Amino acid sequence: MSTATPVTLQDSSRTRRVRGGSASRPPVGAAPLERSRRRMFWAFTTPAVLIYVVLFLVPVGYAAWTSLYKWDGIGPKKWRGLKNYQTLWQDPIFRHSLTNTLKILFVGGILTFAFAFALMLILREMNRKLFARSVLFFPCLVNAMVFGIAAGVLFSPTGPVNKTLEALGWSHPPQWLATEHLQTMILGTLVWTATGYYTAILMAAVDQIPEYLYEAAELDGANAFQRFRHVTLPMCWDVISVCAVLWTVSSVKIFELILMYGGSSGSQPPSDSWNTAMYVYIEAFPTASTPQLGLATAAALVSLFLVVVFTVVLRRLLRRDPIEY
Amino acid sequence: MTSRTTTAARRKRKPASLPMRIATGVVWVVVAADIALIGWILLTSLRDGTDILNHPFGAPTHPKFANYSKVFSDGGFGRAALNSVLVAVLSSVLAVAVAAPCAYALARRRNRVSGAMSMTFAMGLGVPGQVMVVPLFIGMAKVNLDDSQPGLILVYLGLAMPFTVYLLTGFFAGIPQVLEEAAVLDGAGALRTFTRVILPVARGGLVTAFLLQFISAWNETLFAIVLTHSQDKVTLPVALSNFVQEAQLNGLDWGAMFAGVCVVLAPMIALFSWLGSRIIQGMTVGIGK
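Chain order of the listed sequences is A and B. First residue of the first sequence: 1, per my numbering; consecutive thereafter. First residue of the second sequence: 1, per my numbering; consecutive thereafter.
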């Protein structure tokens with residue numbers, strides 16, 4: 001392999017350490033690269049680590065701390081312990097938001113991956129697949145507000161979709177944007193925009209599977225489904241498990257799509273369509289009432305907890321022995 | 001390899017079964033629907049409200065560029081577009097500039113400290129934004145950076161760290177070490193090796209990291225809504241959401257609303273048609289492998 005030289009260079013210092021030699025003082029002339037790297041390590045990492053700690057990790061810690069207080073952001077903080085979490089649990093709006101979040105996570109996830117897999121399999125056999133993949137991928141680069149607003153016009157009671165349906169003879173087309181349908185519409189839009197992205201990831205993974213495996217499988221008489229089951233699936237399992245984690249994180253933080261869906265009715269969307277991210281936003285930055293920062297950060301931590309639990313569980317469930325090829 | 005793949009694919013494609021042909025047809029319908037939707041949004045931005053209501057799918061008979069002048073003047077989109085460019089470009093440049101040396105150090109030095117550090121950065125990938133939104137809002141107010149572009153840039157810089165470091169670490173790890181050895185033999189120190197040898201070689205990865213961060217900063221809405229509110233400080237997503245909400249009160253002007261949507265959308269179309277494959281690669285290979 002092309003990395004033969006560096007491997008021996010690194011190995012020599014490692015063997016020395018193992019044999020009891022001093023790693024901090026290598027023999028003269030040995031691995032000057034290693035020495036200068038050690039010196040540069042902290043200089044190179046400190047700025048990024050500092051920014052990460054101050055602007056990312058400290059805020060996360062601060063959120064955890066705030067979640068134990070009752071606070072409007074201006075007056076004094078009042079200790080509440082875990083009572084904020086108890087309040088959340090009893091708040092029907094939060095429970096509904098949490099249900100919505102879980103619905104997006106599970107139903108949305110299953111649909112997205114089912115479509116992404118189907119698309120990946122079809123695209124592989126298609127002409128001009130790169131063009132099709134690019135078009136299907138594009139929606140994930142667009143601010144979700146755009147689709148929320150567009151849906152508001154397309155699906156409005158007298159909008160293009162209903163007019164078309166009426167022209168086709170459907171006299172009473174559904175009220176797409178009525179509160180009871182909003183969740184489903186949001187979910188559908190989400191699945192549609194996300195599918196292209198996961199299709200592209202899966203295709204990238206599948207394209208790396210060496211062709212001879214398929215040829216061998218074909219020679220052994222495996223049909224298309226068996227080739228998928230015994231070659232494609234195991235070979236891109238790692239990527240699937242990363243995708244599942246990725247979906248968990250991104251589905252929990254969906255915000256602008258819900259905020260703007262249907263062109264937003266007034267200052268905030270109806271609470272039936274909220275997810276936990278929306279709940280955090282509305283509790284922390286309400287238009288009419290006092291901010292409830294403790295409750296909001298507690299809700300945010302519930303969503304973080306959700307991500308952590310799912311990530312751990314998914315990692316467990318999807319773990320397989322890595323395959324070398 | 002590629003030639004073998006294509007011949008194999010071609011050979012497989014010849015006896016396309018009926019279900020496969022139907023499936024392919026469905027995929028093309030979806031592709032066409034995607035293009036039609038984007039096209040419809042672009043066209044609608046040039047029409048006036050009543051026209052859209054009566055003939056939703058018609059072509060703009062008299063292209064109304066007034067929709068655009070309306071959002072730029074009444075909606076404050078001119079200033080907002082400028083802010084969006086400023087915030088997205090600066091935060092992405094800074095994110096890459098800060099993350100690159102760190103990612104390089106993490107990719108090259110493998111021990112317990114660097115392992116723990118990489119792990120800590122990777123953990124950040126799993127934290128949803130709403131967790132940090134209240135603390136950052138309060139923190140920025142404390143240091144008088146609320147409702148300001150520097151504040152928003154700093155916030156985006158912090159949020160960018162996990163992914164940018166993660167992506168670039170993978171990228172640097174793929175650069176052969178032989179290059180540095182040659183540089184060291186020529187007498188270059190680590191800093192000089194990094195700036196003169198590694199960075200030029202890594203240009204592709206740095207551009208990809210910049211692009212992905214630019215795209216996410218351009219579209220970011222939650223922090224922008226929370227952290228900016230003055231007319232001259234907001235970014236495009238905030239301006240758009242304000243415009244839509246005001247339009248709800250004053251009666252919808254669909255044409256102008258879609259002009260606003262297009263101001264947010266158009267740069268992504270331009271960027272994607274120019275650098276599409278690089279963007280897809282960055283977002284897929286960076287995650288997938």
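Treat the hints as calculated values from the structure; they're not laboratory data. All values derive from a computational prediction rather than experimental measurement. The reader is advised that the hints may include incorrect statements.
Looking from chain B toward chain A, a few residues come up when the C-beta cut is under 10 Å (computed) [as the list claims (entries may be wrong)]:
id : residue
1  : Ser17
2  : Leu18
3  : Tyr68
4  : Gln130
5  : Val134
6  : Gly139
7  : Ile225
Covered stretches of chain B, as calculated for chain A (at least 3 residues, CB under 8 Å) [what the hints assert, rightly or not]:
id : segment
8  : 32-39
9  : 69-82
10 : 205-212
11 : 270-284
Calculated from the model, a selection of chain B residues having no Cβ within reach of chain A, i.e. all distances over 12 Å [unchecked claim]:
id : residue
12 : Val85
13 : Val98
14 : Cys102
15 : Glu220
16 : Ser230
Using N, Cα and C, we set each Cβ at its ideal position, and we do this for glycine too.
Status of the hints after comparison with the structure:
no.	hint	result
1	Ser17	holds, 9 Å
2	Leu18	violated, 13 Å
3	Tyr68	violated, 16 Å
4	Gln130	holds, 4 Å
5	Val134	holds, 5 Å
6	Gly139	holds, 7 Å
7	Ile225	holds, 8 Å
8	32-39	holds (count 4)
9	69-82	violated (count 0)
10	205-212	violated (count 0)
11	270-284	holds (count 9)
12	Val85	holds, 15 Å
13	Val98	violated, 5 Å
14	Cys102	violated, 3 Å
15	Glu220	violated, 9 Å
16	Ser230	holds, 16 Å
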